[in-house]
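*Asks:* Each chain is listed here by its residues.
Number of protein chains: 2
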Amino acid sequence: MTKKAVILSSGGIDSTTAMAIAGDRGFNIYSLSFRYGQRHSVELECAKKVARYLGAIDHKIVDIDLRRFGGSALTDDIAVPKHESVTQIDQTRIPVTYVPARNTIFLSYAMAWAEVLKAEAIFIGVTAVDYSGYPDCRPQFIEAFQTMANLATKTGVTKQTILTIETPLIQMSKSEIIRIGHGLGVDYSLTISCYDPDSQGRSCGRCDSCLHRKKGFSQAGIPDPTPYIKEPQI
Amino acid sequence: MTKKAVILSSGGIDSTTAMAIAGDRGFNIYSLSFRYGQRHSVELECAKKVARYLGAIDHKIVDIDLRRFGGSALTDDIAVPKHESVTQIDQTRIPVTYVPARNTIFLSYAMAWAEVLKAEAIFIGVTAVDYSGYPDCRPQFIEAFQTMANLATKTGVTKQTILTIETPLIQMSKSEIIRIGHGLGVDYSLTISCYDPDSQGRSCGRCDSCLHRKKGFSQAGIPDPTPYIKEPQI
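Quick mapping for you: the protein sequence lines, in order, are chains A and B. Going by the numbering used here, the final residue of the first sequence carries number 234, and the count climbs one at a time with no gaps. Going by the numbering used here, the final residue of the second sequence carries number 1234, and the count climbs one at a time with no gaps.
Among the hints, erroneous ones may be present.
[What the hints assert, rightly or not] Sample of chain B residues at the chain A side, in silico, Cβ under 8 Å:
1) I1057
2) R1067
3) S1108
4) D1136
5) Q1140
6) F1141
7) M1148
8) I1222
9) Y1228
10) I1229
Simulated from the structure, these hints should not be mistaken for lab results. Values in this document were obtained by computation on a predicted structure and should not be read as measured data. From the three backbone atoms N, C-alpha and C, an ideal C-beta is built for every residue, glycine too.
Turn these sequences into a full structure, and let the hints steer you where they fit.
*Replies:* Pasting the structure below:
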């Protein structure tokens, strides 16, 4: 029987690379995205293109309303911070773009779908760069979620299917991720990273996410296909 | 500073009693309910009345679409099982009314709100009766969720607030729950248990949930205020 995996997909570099890795490991791909009140819905268009490009069996977009509880620059009216240089980003504090419980909620939905599909794995593209700032990207969190998930589900209890939470990028830098994905044939022009793109889908070039993206391509020695409003200074 | 708790409320006996216990323990009550494609939306009307009656500071109803993934008689077109007697209920199998990952998703949203509120506790009215059948009602699951939650959140990581998942009913039978709630002044006529009520909000009297309710009141020696279409045979 073919192995199945649910892949959390944001239409960005990391989740797209995680999806390509899942495909390369022989999993049938079930892509899962969320419309969660993010300012930039352009990312969902990217997620659709990526799912099609990487041959996903199914791609679901689930509506969830994280704005109900407030608390993040990505969903509230808090300003997204702009930096002129990647060196200005403070790695020690928790970013204002952190959305409370986001990964927990995303993984919980993925777990629901995985149970119905009898999927063996959930792939999430969290990275070492993330977990310096976002508590719900740390390896300890992922391990605790996996333990909980196997106690939560019917198939976990009956040991029919043990669910693993796969984080293939967790030890990788942005440039390594881009090199791996490039090697697997990922077309990164389908993806977007910007927290604050314009209506034509062009990236701002000044948010933390644009700066990390630009630097990643530069360090990987691979041309960055991203259309920027203002070329990021890295 | 006043303690805050998020209470998962379905408008049923168990969550209503859990809410009364939270109030009795001195917590300010933040009630959280879900519109999740359940057949019986009458329970949300009950949840609203209960929140008002028990003095909740706020009551949020979050829309989530669990039907997207299928797999349960409560949200799919699978028939809700009817029994003529409580003794016919098979306690060993996982009920068809089980919704994949439901409690995990509910608790994840509660965790998001708790983080924004800086609440110290989430109350969930799971019981020993439930966890014979539903994997995500078992104490091991609740403990694993609590461990995960404190790794997932900003306040958990900085140790500003340690979040506990409170299950005050977990060792109680239905009759004990009703006795405790009665002692705390709960008006159970505001609550509903039925999986399949009619449009006037009358309970079917034949689903597992009606049978457990009727039996609970009977064993507690407290009159059952529920309007039934057909009086349950217990």
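*Asks:* Would you mind marking each hint as holding or not holding in the structure?
*Replies:* Against the structure, the hints come out as follows:
{"no.": "1", "hint": "I1057", "in the structure": "violated, 14 Å"}
{"no.": "2", "hint": "R1067", "in the structure": "violated, 11 Å"}
{"no.": "3", "hint": "S1108", "in the structure": "holds, 5 Å"}
{"no.": "4", "hint": "D1136", "in the structure": "holds, 4 Å"}
{"no.": "5", "hint": "Q1140", "in the structure": "holds, 5 Å"}
{"no.": "6", "hint": "F1141", "in the structure": "holds, 4 Å"}
{"no.": "7", "hint": "M1148", "in the structure": "holds, 4 Å"}
{"no.": "8", "hint": "I1222", "in the structure": "violated, 34 Å"}
{"no.": "9", "hint": "Y1228", "in the structure": "violated, 31 Å"}
{"no.": "10", "hint": "I1229", "in the structure": "violated, 31 Å"}
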